[in-house]
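Student: Let chain Z serve as the given structure and place chain S on it in line with the hints.
Quick mapping for you: the protein sequence lines, in order, are chains Z and S. Under our numbering, the first residue of the first sequence is numbered 1, with each subsequent residue one higher. Under our numbering, the first residue of the second sequence is numbered 1001, with each subsequent residue one higher.
The set of hints was computed from the structure by calculation and includes no laboratory data. Given the structure is predicted, the values throughout are model-derived calculations rather than measurements. What you were told as hints is all true, and nothing was included just to trick you.
To give a feel for the contact side, a few chain S residues facing chain Z, derived at Cβ under 10 Å:
| hint | residue |
| --- | --- |
| 1 | K1016 |
| 2 | T1072 |
| 3 | T1253 |
| 4 | I1312 |
Cβ coordinates follow ideal geometry from the N, Cα and C atoms, glycine included.
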Amino acid sequence: MIKLQEHKDLTEDKNIESASLPPRVFISLQQHLGKPLDIIKVKTGDLVKRGQCLAASDKGLFSPVHASISGVVKGIGNYPHPLIGFCRGIAVEGDALDEGHEAMVPRSPEEVDALSVDELRQVVFEAGIVGLGGAAFPSHIKLTPARPINDFIVNGAECEPYLTTDYRLMVEKPEQIIKGVKLITKIVNPHNCYIAIEDNKPQAIKIMREQARAFNWEVVVLKTGYPQGGEKQVIKSCLGREVPSGKLPFDIGVLVHNVATIYAIYEAVYLRKPLYERVITVSGTCLTHPKNILARIGTPVKDLVQQCGPLIREPKKIIMGGPMMGIAQFTMDIPVIKGTSGIILLDDTEAGPWHSGPRLGLDKESFCVRCGECVEHCPVGLNPGFIALAIAKDRLDLAEEYGILDCIECGLCAYLCPSRRNIVQAIKAAKVRIRSGKK
Amino acid sequence: MADKYIVSSSPHFVGKESIPSIMWTVNIALLPAGIIGIAVFGKAGFWLVAACILTAMATEYVIQKGRRQPITVSDGSAFMTGLLLAFNLPAYCPLWVGAFGSFFAIAICKQAFGGLGRNIFNPALAGRAFLMAAWPKYLTVFNKPFVYDAVTQATPLGLLKEGKAHSVVDMGLTYWDLFLGNKSGCLGEVCIFALLLGGIYLLYKKIITWHIPISFILTVAVFTQIFKGDYLFNILSGGLVLGAVFMATDYVTSPITKIGQVIFGVLCGLLTSVIRIWGGYPEGVCYAILIANATVPLIDRFVKPRRYGVGI
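Bound-form chain Z, shown alone:
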């Protein structure tokens, strides 16, 4: 674990504010881990309402998508996508009325209590909820474990620099999160429930402790460090146990959900509200007013950036997600998707020759000097430097023997490397090659 320069002070005291209504949104058919949605329920020219289901599928791993504004379907085609370049999506032109779908009627507490476990899972599924920490794994699948769940961990670590969405949710919406946790405990019935928060968020720790007391849930204070919030790391820090290599947390009876996902589950069950908006940290020193914005899914990045005041400097990089694992974008026309936790604008003003700062990808690599920093700090105990050297020699077999497939791609190795070697970058590319070779 490494303490990074966090820059969370830019937004951590900013209340979540609603974004202004976007004039047009692009709802991508690929916002979940799995294949793109193939059943489109609307056609060009249709009127849609906020919360209306636009597309789904009938097979495999998927999660439906919903309209985030009311308006007219302008087109169905290929639109920019933050992770895969371009993807099929649905463009909705807003009518400025923001009319909600009739079905979105809040449930009374009694109605919520009356829901069976299967009904709850169905609600989560229909609301299109995916893991909002970034992986976008469909949540209803995680709530249908093949084995009994012993420990449930609420992941509030939020270890990526800049991001403050989970923190603001814990500070501003603790009752709702607790209600969400209760729903999940009803579904999977764990023996123990933990709420894991890093010690750089004392306010959130205090608030969640007060809320959790009534239920005997333990708030686990984690040491601040990157990548503390990674699923495998949070499990080790909370339970002192490890997920065996190549296995999933289910296999040791553990379920981890991110705070934002739990909040979305609360909204889906209590408010009958599908996942059409989420909190996004829009941050960076290029912005006059960095903010935590409640944004509609499908809003182009530039609309959100404009709401943070005029740019102080022109950014060099636009990152979706955090600076350690996020994806650099080539345009601000990219729409946000369910998994977008942050929009970070970076430029090189903080980067002196010997100082930490944004890595613009222009650094010259020099040869590995075997300093051992990447080995010492690799959260999964790999030797990233050697793996990268094996890849450079096109020895993927050796890379695999060194455990390349266990890499969680946190990026610490490349962050720490004094030779500025693109270690994790090489690993990511090689993993794709290895996996495609196995198919």
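Tutor: Same frame as chain Z, now just chain S:
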């Protein structure tokens, strides 16, 4: 808004250490020992340091230029090789000898292998070993401290080896003399205090960790205590502290894992002790580290970090 953003794979953030920052930090840490070395042996020491550093940097520049490689002379690593080589030579050693050693260290031991990061042996020590083989007479004559003239005097370890003295008292010295530098020896090794100061600075800056220096020195202490009965003398004499803190900890030529580094340190310590006690030379740090350097690939092959979720 124009689409002119840089696209690259994550991470989009970078730490503060770089090769130059690390190398220059080590050079700074060597400064106190250098200043005291020059104070003890006079300006001849200064010229030796200058000759070694300049030759090292010039050699690196010419070779990189010739190989059409990026010029990295300013990163401080050639500077460090020159400085460390000078530290490992007697102060009154002829300048051309030092220069030749520097040339050999950079040209043969570093650049011939491909440059920084690819050399097997510590260049400064390999340079010294080369000089020891080529012109031993210049490397085995040491000078009396604080006379600033070519008045020779054997090193404490030399006296012990030749049987001319059996204890510190026999030599007319105290442990404080050994610790502070009032003794004959190589330019940079005499003042243990200054070397420790530099070592503490490097530990504080997290450039090195305790693993190699402590395991190295401790092994020598235990081994020499058992066979010679004077561990303190063995720690404070010769190049042990210089070698353990600044030479054995060279990233490129030491193991990559912490456990591997401890094994490496113990091996260095054992070899040093064996050479000192039974070998033909009074001092063994240089050869001990060079031999241990050769075992590093083997150590790295067998000592691996424990992987998360494996073997549970």
